[in-house]
Amino acid sequence: MSLEWYLALSALLFTVGVIGVLIRRNAIIIFMCIELMLNAANLAFVAISRELGDPSGQVFVFFVMTVAAAEVAIGLAIIVSVFKHRETVNVDEVDSLKG
Amino acid sequence: MEFAGIKSLIFYAFALLTVASAVLVVTVRNIVHAAFSLMITLFGVAGLYVFLQADFLAATQVIVYVGGILVLILFGVMMTSGRLQMRIQIERGQLILGGLVALLILLLLFGVISNTPHWEGIKDDGSTLEPTTRTIGEMIMQGEFLLPFEVVSILLLVALIGAALISRKEVRDEE
Amino acid sequence: MLIDYLPILLLLVFAIGFAAINLALSHLLGPKKPTPSKLSVYESGVQPVGNARQRFTIRFDLIAMLFIIFDIEVVFLYPWAIVFKKFSESSGYFILIEMLVFIGILFLGYIYAWKKGGLTWD
Chain Z
20 MSLEWYLALS
30 ALLFTVGVIG
40 VLIRRNAIII
50 FMCIELMLNA
60 ANLAFVAISR
70 ELGDPSGQVF
80 VFFVMTVAAA
90 EVAIGLAIIV
100 SVFKHRETVN
110 VDEVDSLKG
Chain W
1074 MEFAGIKSLI
1084 FYAFALLTVA
1094 SAVLVVTVRN
1104 IVHAAFSLMI
1114 TLFGVAGLYV
1124 FLQADFLAAT
1134 QVIVYVGGIL
1144 VLILFGVMMT
1154 SGRLQMRIQI
1164 ERGQLILGGL
1174 VALLILLLLF
1184 GVISNTPHWE
1194 GIKDDGSTLE
1204 PTTRTIGEMI
1214 MQGEFLLPFE
1224 VVSILLLVAL
1234 IGAALISRKE
1244 VRDEE
Chain H
2 MLIDYLPILL
12 LLVFAIGFAA
22 INLALSHLLG
32 PKKPTPSKLS
42 VYESGVQPVG
52 NARQRFTIRF
62 DLIAMLFIIF
72 DIEVVFLYPW
82 AIVFKKFSES
92 SGYFILIEML
102 VFIGILFLGY
112 IYAWKKGGLT
122 WD
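Protein chains in written order, with my numbering: chain Z, 20 to 118; chain W, 1074 to 1248; chain H, 2 to 123.
There may be inaccurate statements among the hints.
Stated by the list, open to error - Pairs of lysine to aspartate or glutamate, DMTMM-like flavour, derived with a Cα cap of 20 Å: (1) H:Lys87 with W:Glu1217; (2) H:Lys33 with W:Glu1217; (3) W:Lys1080 with Z:Asp73; (4) H:Lys87 with H:Asp72; (5) W:Lys1080 with H:Glu99; (6) H:Lys87 with W:Glu1211; (7) W:Lys1080 with Z:Asp114.
Keep in mind the hints are simulated off the structure, nothing from the lab.
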């Protein structure tokens, strides 16, 4: 289980998240896929932190988790608010700002 | 060694579990099933953190992601679904174009990984390693991460006020 | 250190295995003679009214958000508590003040949500 395994796993998880964001139109599913991408980046952080023997990477991941929690709190408030007004969570139908 | 073989087997099991459930998050039609697949993915990542000797992060992953973020996402699902049908069709053009872009990103990432200088590999014995909670505590409380730690509280304050403002406004509009 | 996690793994394996085996066995071995009263949700209880898949009221949202913010705060308390003794011996009250500032700033948000009526259930 060398570093390459963890990095490859992280790359795969990230790509799955990218696919989800690109092809799914449900805002909450897109949200979950963003969490997947954050987790992939965290995994790479921890793997390289372990490889270099430097715990800073783990502290970074800790802060990333904090920011993810704040992001989810605000993001879901916005999604629920949009749903209240438009009765939809399909991101293609929420296009009032489109020129 | 016998133990090392079993350990790598468990590692592969966790890796497979993580990626497979992540694929399910993206492909499954029912949004509640997607949320529960995400839970398995998050648990799998926590298991991988244990393999990387990041015990504090593994526990934090379970507390924050599974216990907090996932619950909030499920709340979001329950507040926005209901009678309305949540199963939205995937358009074919989007699927092809998105897949192409994702493939390019995957190739790019693998190219970067194969070009990284080769370190000697993660040492697997790990028996001498300390639990990481103390190290993380020292780095945050007296090290270079003290300022980020205090800034995080402001970030959380802003998130809290923003969330309160957005959801309360809705309730007032309703009445 | 990794061997210390073996009990957790075993617990997971046994918990999932126990549930899966029981479900599979009762599915395979149990006799199936369904009657309308057996198929009702609460066999000898009150008849359910309406659909369970109803939309939640939005009031739960703010409670969940408050929970996740203070969840993070509790996680930050943990490494702080581990190093508290050592640092309070070397640098006095400084570490206590660090955490008081952190909690104080978050408490402002708590007061805001409270004043905004986020905690009332009207």
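Quick rundown of the hints versus the structure:
1. Among the hinted pairs, H:Lys87 with W:Glu1217 is consistent with the structure: their alpha-carbon atoms are about 18 Å apart, no more than 20 Å.
2. A C-alpha spacing of about 65 Å is found between H:Lys33 and W:Glu1217, which places the hinted pair above 20 Å, so the restraint is violated.
3. Proximity of W:Lys1080 to Z:Asp73 is assessed by CA-CA distance (about 24 Å); at most 20 Å being required, the pair is judged violated.
4. Between H:Lys87 and H:Asp72 the alpha-carbon distance is near 25 Å, which puts this suggested pair outside the 20 Å criterion.
5. Under the criterion of a C-alpha separation no larger than 20 Å, the hint pairing W:Lys1080 with H:Glu99 is inconsistent with the structure, at around 41 Å.
6. Between H:Lys87 and W:Glu1211, the direct Cα distance comes to roughly 10 Å. Compliance with the 20 Å bound is thereby established for this hinted pair.
7. About 50 Å separates the Cα atoms of W:Lys1080 and Z:Asp114, which puts this hinted pair outside 20 Å; it is violated.
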